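Student: Chain by chain, the residues:
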Amino acid sequence: MPSVEALPLPTPASENVPHALLPFLRSQSQNTLTRLYQRPSSCLSIFRLLGPLERQLIMNLLWLESAIQVSTMAAWVVPEGRKLYDEALAEMAGLHIIQNYASKLALNPTFKLSMRQAITGGGSTSSFGVPAEKDDKRQPSGLETLDSYALERWETILHYMVSSGQGQLPTKPSQGVLYLLQRSCLMKPVHGSTLQITSSGFQFLLHSPHDQLWSLLLQYLHMAEERQMDLVEVLSFLFMLSTMELGREYSAEPLSETQKAMLEDLRDYGLVWQRKASSKRFSPTRLATTLTSLSPPLPTSNTSSGSRAAPGTSVALTSGAGQQGFIVLETNYRIYAYTDNPLQTAVLNLFITMKYRFPNLVVGMLTRESVRKALGNGISAEQIISYLTTHAHPQMRKNNPLLPVTVQDQIRLWELERNRLKSAEGFLYRDFASQADYEYVLTYAKQLDVVLWENPAKRCFFGTMEGHGNVRGFIERRTGGG
Amino acid sequence: MRAIKGVLLTCDSAVKQILLTMNEKEPFIIEDLDDYHLVIKADEEYRVRRQLEAELEKNTYSLETSGS
Numbered sequence: 001m002p003s004v005e006a007l008p009l010p011t012p013a014s015e016n017v018p019h020a021l022l023p024f025l026r027s028q029s030q031n032t033l034t035r036l037y038q039r040p041s042s043c044l045s046i047f048r049l050l051g052p053l054e055r056q057l058i059m060n061l062l063w064l065e066s067a068i069q070v071s072t073m074a075a076w077v078v079p080e081g082r083k084l085y086d087e088a089l090a091e092m093a094g095l096h097i098i099q100n101y102a103s104k105l106a107l108n109p110t111f112k113l114s115m116r117q118a119i120t121g122g123g124s125t126s127s128f129g130v131p132a133e134k135d136d137k138r139q140p141s142g143l144e145t146l147d148s149y150a151l152e153r154w155e156t157i158l159h160y161m162v163s164s165g166q167g168q169l170p171t172k173p174s175q176g177v178l179y180l181l182q183r184s185c186l187m188k189p190v191h192g193s194t195l196q197i198t199s200s201g202f203q204f205l206l207h208s209p210h211d212q213l214w215s216l217l218l219q220y221l222h223m224a225e226e227r228q229m230d231l232v233e234v235l236s237f238l239f240m241l242s243t244m245e246l247g248r249e250y251s252a253e254p255l256s257e258t259q260k261a262m263l264e265d266l267r268d269y270g271l272v273w274q275r276k277a278s279s280k281r282f283s284p285t286r287l288a289t290t291l292t293s294l295s296p297p298l299p300t301s302n303t304s305s306g307s308r309a310a311p312g313t314s315v316a317l318t319s320g321a322g323q324q325g326f327i328v329l330e331t332n333y334r335i336y337a338y339t340d341n342p343l344q345t346a347v348l349n350l351f352i353t354m355k356y357r358f359p360n361l362v363v364g365m366l367t368r369e370s371v372r373k374a375l376g377n378g379i380s381a382e383q384i385i386s387y388l389t390t391h392a393h394p395q396m397r398k399n400n401p402l403l404p405v406t407v408q409d410q411i412r413l414w415e416l417e418r419n420r421l422k423s424a425e426g427f428l429y430r431d432f433a434s435q436a437d438y439e440y441v442l443t444y445a446k447q448l449d450v451v452l453w454e455n456p457a458k459r460c461f462f463g464t465m466e467g468h469g470n471v472r473g474f475i476e477r478r479t480g481g482g
Numbered sequence: 001m002r003a004i005k006g007v008l009l010t011c012d013s014a015v016k017q018i019l020l021t022m023n024e025k026e027p028f029i030i031e032d033l034d035d036y037h038l039v040i041k042a043d044e045e046y047r048v049r050r051q052l053e054a055e056l057e058k059n060t061y062s063l064e065t066s067g068s
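Going down the list, the protein sequences come from chains V and E. In this text, residue positions in the first sequence follow the UniProt record's numbering: the first is 1, and each later residue adds one. In this text, residue positions in the second sequence follow the UniProt record's numbering: the first is 1, and each later residue adds one.
FYI, nobody ran anything at the bench for these hints, they're computed from the structure. Worth double-checking, as some hints may not be accurate.
Claimed, not checked - Derived contacts from chain E toward chain V, CB cut-off under 8 Å, selection only:
no., residue
1, I4
2, L8
3, T10
4, D12
5, V15
6, L20
7, M22
8, K25
9, E26
10, E31
11, V39
12, A42
13, E45
14, R49
15, R50
16, L52
As the structure is a prediction and not an experimental result, all values here were calculated from the model. Where a beta carbon is used, it is the ideal one built from N, C-alpha and C, also for glycine.
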């Protein structure tokens with residue numbers, strides 16, 4: 001057995017990981033991005049998605065009227081920070097926020113103009129949305145309505161996914177959502193029509209709501225490209241939503257046709273609330289307004305069902321992420337989860353054996369079977385550990401390390417146990433006429449990097465399937481020529 | 001020179017011994033390379049994995065089944 005101590009400790013999700021949307025933006029053409037940068041809200045949102053160093057650099061350059069020498073900026077950088085600085089510049093160049101920075105540094109003029117507008121106000125592009133006129137007959141919907149709507153939509157999606165593996169029939173999300181889940185390979189149809197969760201779907205369930213939301217939206221963006229929707233419209237609408245104010249109503253009139261069509265989709269995901277489908281006004285929910293911020297995208301789920309019953313008493317709803325922990329894990333593999341939320345229970349059920357259920361508490365065990373079932377579903381040991389870490393009860397936070405080491409190691413050992421056999425398809429080359437012959441072919445195969453195993457004494461080696469065509473061709477050319 | 005199509009299995013020596021025993025009943029090994037490597041017939045891989053799984057499962061003891 002390999003030593004377990006050598007394994008790195010799970011690192012909590014750090015802010016240094018670049019946002020999932022950035023690679024997608026980088027893959028877009030300069031033309032698309034420049035059109036996107038015409039909207040102040042998009043610039044501000046992208047600015048918020050960037051890392052701290054990039055943000056710093058943008059702020060430094062924002063108010064300069066002319067380009068500055070690269071050396072001037074580089075003089076600020078200490079030698080140790082050089083690599084980070086270069087990476088930040090490359091990232092910004094990839095997004096076309098700065099332009100050819102070989103000799104002079106300057107922001108993309110469109111970006112600069114819009115970013116300035118975003119900060120100082122002014123301009124009339126209405127890219128931050130147009131608030132709807134006050135309706136004297138109806139009060140705008142309160143935060144509770146929006147939160148419970150977003151939560152209900154979102155949990156319907158997740159709950160549908162998690163229960164599909166267990167043959168239950170929960171409420172179905174709308175067709176649009178189902179299609180999106182299929183497209184993102186989180187679910188796939190089995191026996192004709194019923195959808196079943198895939199292994200990437202299981203992994204998805206253990207991510208944070210923010211990551212989940214963005215991975216679905218990314219898929220939506222890919223779909224938008226295929227549906228011939230204007231990507232700039234789609235992106236800028238998402239960014240517009242992310243800069244809107246929670247609890248305020250906005251007018252749907254100034255939106256473009258594409259964006260009006262999007263309203264319907266986003267309503268299904270719980271990002272937007274509308275009184276009626278035909279309504280001329282809409283309100284973003286917390287899911288939407290936190291898209292580009294660090295605040296939790298969902299009200300804390302623990303208190304949700306209580307507050308749905310009594311919408312007046314939802315103070316806990318809006319409190320921060322610190323409320324999320326609810327799991328206590330003991331050294332004897334027992335798990336106490338203080339939750340009454342069916343979704344959280346269902347997610348836990350993916351990798352623990354349930355023992356008892358009380359109104360506000362679920363007791364279970366991490367067992368070999370339960371963990372192996374999860375591993376079989378494609379969930380990795382690291383994912384289980386990181387889920388337990390992120391949702392650990394505040395009481396657990398006093399422990400160092402957070403989770404009992406024995407349990408962590410055992411989960412990893414159970415994973416290793418499943419991988420005692422590695423296999424690779426390919427060809428075994430043997431019975432070479434001479435040692436020179438063998439070495440000649442072997443050297444060639446090694447250059448192609450297709451050798452999996454070799455033994456000079458037996459004069460044979462094993463090459464991968466992909467390499468076979470080349471290796472065979474090489475041998476044939478050789479025997480044919482000689 | 002010959003090239004033989006197959007699947008290269010990499011495993012620890014304990015698993016290899018089990019595989020050798022299984023091979024005596026229903027042969028599937030093409031070549032026994034060394035302590036950690038075997039080449040087997042490509043279409044037998046699934047069956048071998050299933051059978052090995054069952055074999056390894058016999059050797060585990062779970063507290064859960066005896067009640068805790």
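Student: For every hint, state whether the structure bears it out.
Tutor: Here is how each hint holds up against the structure:
For I4 of chain E, the suggested interface contact is upheld, since its CB lies about 5 Å from the closest CB of chain V, less than 8 Å. A cut of 8 Å between beta carbons decides the hint on L8 of chain E: the least distance to chain V is about 5 Å, and the hint holds. With 8 Å as the threshold, the beta carbon of T10 of chain E comes within range of chain V, its nearest partner Cβ sitting at about 4 Å, so the hint holds. At its closest, the beta carbon of D12 of chain E sits 6 Å from a beta carbon of chain V; the interface hint therefore holds under the 8 Å criterion.
A cut of 8 Å between beta carbons decides the hint on V15 of chain E: the least distance to chain V is about 5 Å, and the hint holds. About 14 Å separates the beta-carbon of L20 of chain E from the nearest beta-carbon of chain V, more than 8 Å, and the hint is not met. Annotation: M22 of chain E was flagged as interfacial toward chain V, and the flag is violated, the nearest CB pair being 12 Å apart, outside 8 Å. Because the closest C-beta pair between K25 of chain E and chain V is about 18 Å apart, greater than 8 Å, the hint is violated.
Checking E26 of chain E against chain V: minimum C-beta separation of about 17 Å lies over 8 Å; hint violated. With a least beta-carbon distance of about 6 Å to chain V, the hint placing E31 of chain E at the interface is held under the 8 Å criterion. For V39 of chain E, the shortest C-beta to C-beta distance to chain V is roughly 5 Å, which falls under 8 Å, so the interface hint holds. Interface hint at A42 of chain E: satisfied, since its Cβ lies 6 Å from the closest Cβ of chain V, which is below the 8 Å cut-off.
For E45 of chain E, the interface hint holds, since its Cβ comes within 8 Å of a Cβ in chain V; the closest pair sits about 6 Å apart. Annotation: interface hint on R49 of chain E holds; nearest CB of chain V at approximately 7 Å, less than 8 Å. Given hint, R50 of chain E at the interface with chain V, is violated; its Cβ is 11 Å from that chain's nearest Cβ, farther than 8 Å. A distance limit of 8 Å between C-beta atoms decides the matter here; for L52 of chain E the minimum to chain V is near 7 Å, and the interface restraint holds.
Checked against the numbered hints given earlier, this structure breaks hints 6, 7, 8, 9, 15; the rest are met.
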